[in-house]
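Asker: Start from the sequences and build out the full structure, keeping to the hints where you can.
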Amino acid sequence: MNEALLSNLLNFSKEGVIVADDAFPLRTDVLKPYNTRGEFGDKQKIFNYRLSRARRVVENSFGILVSKFRIYEKAIPLSVQKVEQLVKTTCALHNWLRKTTVDYVQQRSLETEDWVTGSIVPGEWREVPSLALSDLRPTNARNYSENARRVRDVYAEKFVTSCTISWQWNMIRRI
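For the record, in the sequence shown the residue sitting at position 134 is 134 according to the UniProt record's numbering, with numbers rising by one throughout.
None of these hints come from the bench; they were simulated from the model.
All clues given are correct.
Keeping only pairs whose Cα atoms sit at most 25 Å apart, straight-line, the calculated DSS-like set for lysine-lysine is:
(1) Lys68 <-> Lys88
(2) Lys99 <-> Lys68
(3) Lys14 <-> Lys82
(4) Lys74 <-> Lys88
(5) Lys14 <-> Lys158
(6) Lys82 <-> Lys68
This structure is a prediction, so every number in the text was calculated from the model and none was measured.
Answerer: Structure follows, in structure tokens:
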């Protein structure tokens, strides 16, 4: 994926970013959480919380796809174009099944957040053995570019100013 991003093979929007965890390096097109050992005020907590929520949406979606379409359980030996078609097709089929099939995806399959404690309630899809990304280890790459830091800081600033959500403050108080 890194090579595809660097070579612009994914036709990724210049304004778009990928949400990631500590296994990935911070780049202008890849957002990862702030390290809690450095400057870590409310703005950084809000950013990390919001990034975590975004990642959880992606993980839920992918987890459900894996649990319904076993082709996603391991690396797919197809070209980027074929994988793109496969993802679009399985998403369309998934959406059609959700609309036309009773109990296709049950609520307990989804990962949720306990609004009282702020803790994560794992979805049943996490019981699917060995997802391809689960074995990633954090990288040693820590030489972020100043531009990458700036992009993350811009998002962090938006999350506490123009793009704030009222209950986010309650959630970080629990961290």
